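When you get a sec, could you build the whole thing from the sequences and use the hints?
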Amino acid sequence: MADAVSVTRSTYDVIAAQFAEAQAEGYPELTDDLNWLAGRISTRSRVADVGCGPGRDLALLRAIGFRAVGLDLSAEMLRAGGQPGVAQADMRTLPLRDECLDGLWCQAALLHIPHADVPRVLAEFARVVRPGGAVHLVVAEGDGERWERHGYGGDGLRWFAYHRLESLSALMAEAGLTVVEAAHRSHHRAWLGVRAAKPV
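Numbered according to this note's numbering, the sequence shown spans residues 48 to 247.
Simulated from the structure, these hints should not be mistaken for laboratory data.
Please read all numbers here as calculations on a predicted model, not as lab measurements.
One or more of the hints may lead you astray.
Claimed, not checked - Computed Cβ-Cβ distance ranges for the label pairs, DEER-style: (1) S89 - R193: 14 to 24 angstroms; (2) A71 - P131: 12 to 22 angstroms; (3) G179 - L218: 16 to 26 angstroms; (4) L218 - R193: 18 to 28 angstroms; (5) R236 - R144: 31 to 41 angstroms; (6) D190 - T90: 14 to 24 angstroms; (7) A69 - A237: 13 to 23 angstroms; (8) P75 - E146: 12 to 22 angstroms; (9) V247 - R126: 13 to 23 angstroms; (10) S53 - G112: 34 to 44 angstroms; (11) V247 - D50: 29 to 39 angstroms.
Here a beta-carbon is modelled for each residue, glycine too, at the ideal position from N, C-alpha and C.
Okay, structure coming up:
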């Protein structure tokens, strides 16, 4: 099988401009998610938007007052957004110091990581967030993992890995993160919003 992450990145490189335009308005729970994070940690806190894409959520995090940086594997997605303070990075090996973040935001990005690599990613999230810090995740809800072909002006393949709350919560606990809230969502597909903390 071709490397799922590399192929997905290549697809995003091609569809970056179209994706940025299509996703500009956000999703119904976005304001609530932002308010949750702002209620958990100081709005002057350091936050990373991991898998930030063109930077829609990154801009909103900064507007609240967070000192936010954006990380994404697709250079073209970063370029499409034109946001400052971003870097190309793989969430499986984050270029960040241990416990350097107060919060971590990962919106619809972990879904492109194969199940076999998810424990490694969650361990990275736990590594870079300080004790008492907060983690916001939204993943595709369901079973299995597979290639999917979507539009956005192209016909490239993207890898989608689906999760259930019970199994994802267990993986997060193994990584050192505690789920404090979770909600099932539905727009275009089934989603799972997960809010977690790193114990003190």
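Evaluation of the provided hints:
1. S89 - R193: 14 to 24 angstroms: Taking Cβ atoms as reference, S89 and R193 lie about 40 angstroms apart, which means the hint is violated.
2. A71 - P131: 12 to 22 angstroms: Since the Cβ atoms of A71 and P131 sit about 18 angstroms apart, the hinted range of 12 to 22 angstroms holds.
3. G179 - L218: 16 to 26 angstroms: 21 angstroms, holds
4. L218 - R193: 18 to 28 angstroms: 19 angstroms, holds
5. R236 - R144: 31 to 41 angstroms: 35 angstroms, holds
6. D190 - T90: 14 to 24 angstroms: Taking Cβ atoms as reference, D190 and T90 lie about 37 angstroms apart, which means the hint is violated.
7. A69 - A237: 13 to 23 angstroms: With a Cβ separation near 19 angstroms, A69 and A237 satisfy 13 to 23 angstroms, so the hint holds.
8. P75 - E146: 12 to 22 angstroms: 33 angstroms, violated
9. V247 - R126: 13 to 23 angstroms: Hint violated: Cβ distance 39 angstroms, outside 13 to 23 angstroms.
10. S53 - G112: 34 to 44 angstroms: Given a distance of about 36 angstroms, which is inside 34 to 44 angstroms, the answer is holds.
11. V247 - D50: 29 to 39 angstroms: Holds, at about 38 angstroms.
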